Amino acid sequence: MSKKNLSYEKAVEELQQILQALQEEEISIDELSGKIKRASELIQWCQEKLRTAEEDLDELFDV
Amino acid sequence: MDSYSLFELNEYVKRVLGLNFPDPIWVRAEISQARDSKGHLYLSLLEKSEQDDAVIAQADAVVWASTLRKLIRLYGKNVHAILQDGMEVQLEVSLQFHERYGFKLIVEDVDTAYAVGKLEQQKQQTLEALAQQKLLDKNGQLPLPPVLQRIAVLSSPQAAGWHDFRQQLLDNPYGFDFFLKLFPISVQGLQVEKEALAQLMRLNARNEKYDCAVIIRGGGARLDLIAFDRLSVCEAIANCTLPIITGIGHEVDETVADRVAHTSVKTPTAAAERILTHNLHFESQLIQWGQQVQHIARQQLEDQRFFLERSRESIRLQSKQLLRNDQAKLEKFSDLLPLYTRGQLQKAQNQLQGIQQQIELLDPQKVLARGYTLTSQDGKIVRSVQDLKEGASIKTIFQDGSVESTVDKKETDE
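Respectively, the protein sequence lines represent chains A and B. Those letters in the first sequence? Residues 1 to 63, by the numbering used here. Those letters in the second sequence? Residues 1 to 414, by the numbering used here.
Looking at chain A on its own, in the form it has when it is part of the complex (with noise of 0.2 Å):
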């Protein structure tokens, strides 16, 4: 697998990690905000990642 999907893979894989604890564990309140703030930050970062494609240079210019 590619370098750039693991990191859409690692976001997916914390992702459930987060929901598979809240639906498990019991959290305090206060991680449980810390966990929101960051399911909302993976979220958001592959949607701007899918928005955002990296050129890859040396791809671009090698014939």
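It is worth saying that the hints were derived from the structure and are not from the lab. A hint or two may mislead.
As the list claims (entries may be wrong) - Calculated cross-link-like contacts (lysine-lysine; reagent style DSS-like; alpha-carbon spacing at most 27 Å):
hint, chain 1, residue 1, chain 2, residue 2
1, A, 49, B, 209
2, B, 380, B, 409
3, B, 209, A, 10
4, B, 395, B, 366
5, A, 49, B, 181
6, A, 10, B, 138
7, B, 266, B, 181
8, A, 10, B, 266
9, B, 118, B, 70
What the hints assert, rightly or not - To give a feel for the contact side, a few chain B residues facing chain A, derived at Cβ under 8 Å:
hint, residue
10, 15
11, 173
12, 177
13, 179
14, 283
15, 286
16, 292
17, 293
18, 296
19, 300
20, 391
Quick caveat: nothing in here was measured; it's all calculated off a predicted structure. Using N, Cα and C, we set each Cβ at its ideal position, and we do this for glycine too.
Given the coordinates of chain A, assemble chain B onto it according to the supplied hints.
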């Protein structure tokens, strides 16, 4: 010696040939070369030995422009695909021997079914070979990354397919962005195989830079796609380290390449659609997770709030209870207090009374009233007999007066 002139010989051969082959015949051969010149199509035909691939027969043929037009009218685009280098064909030809130009076959008709049949044969052979090597599903089993953003495209730069594909992705209504790189290949003719193999190899070498590859070309004759039935190309696709999506414009009939690729769609446009849908699915999954997180968090928050409320209520009730208990104690105490104080008062009063009684008892006047007397001598009270002499004057005080007397006799108690 009787000898023919060359012209006479050739003329004779021409007549013999004409007599024996007055009508066109069907012949099977392989086209080694097909060259177009001024609208006429010049073919080099040959036959190879089945054992060792050595050429055992050879002849030249020509499809005159008018014939070519007729064939295209009759059979459509397949004609171009059939009359190509490397194709095995069945042609209806009239034999011509020209004194000057020698032997030539004039093509009158083409058996398209034969070509298609050969194609089908090749396809089946390729499929079997791939099945044996367990390559049929290899590419299909590669996991698709969650987002298809960096895409390698194997296509012809002039092909409409490439431009359509590119346009659709770059102008998509969701705002998704892509990095596309073209790995150019011819999409028809003999070069396809070689070029496809070369590009697939290049792709494997740099697979970490891409999420997937697409092979696309616009629609055309089914026979144009024969390169994609060839074993070498299909092996390369099957072994590719990136998942491959094919959109090579076949209308009805899949190629083997379609079978071994990870995903096969009909057109380049469909390929672009597929990619967009894939990414859209990812995004909606993200949003769904986001909503789930919010929902659960809100739920937890509500639970906690409820718990707090209940605690508050519980504390309130308990403290009310405690207060009530203390109040009850106080009330009880205040009820007892008067009793208690009254008791104390009573006690004190009794004590006073006791003391009063004692005092009364000790009151000399009361003592005198009981019959006791006080004796005094010279104004001092006499307590003891010893203090008195016989003949002394004493005063005896009674409750109601006094008597003066003289001591006659003294007696002491032992």
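query = Which of the stated hints cannot be reconciled with the structure, identified by number in ascending sequence?
reply = Those not satisfied are hints 8, 10, 11, 20.
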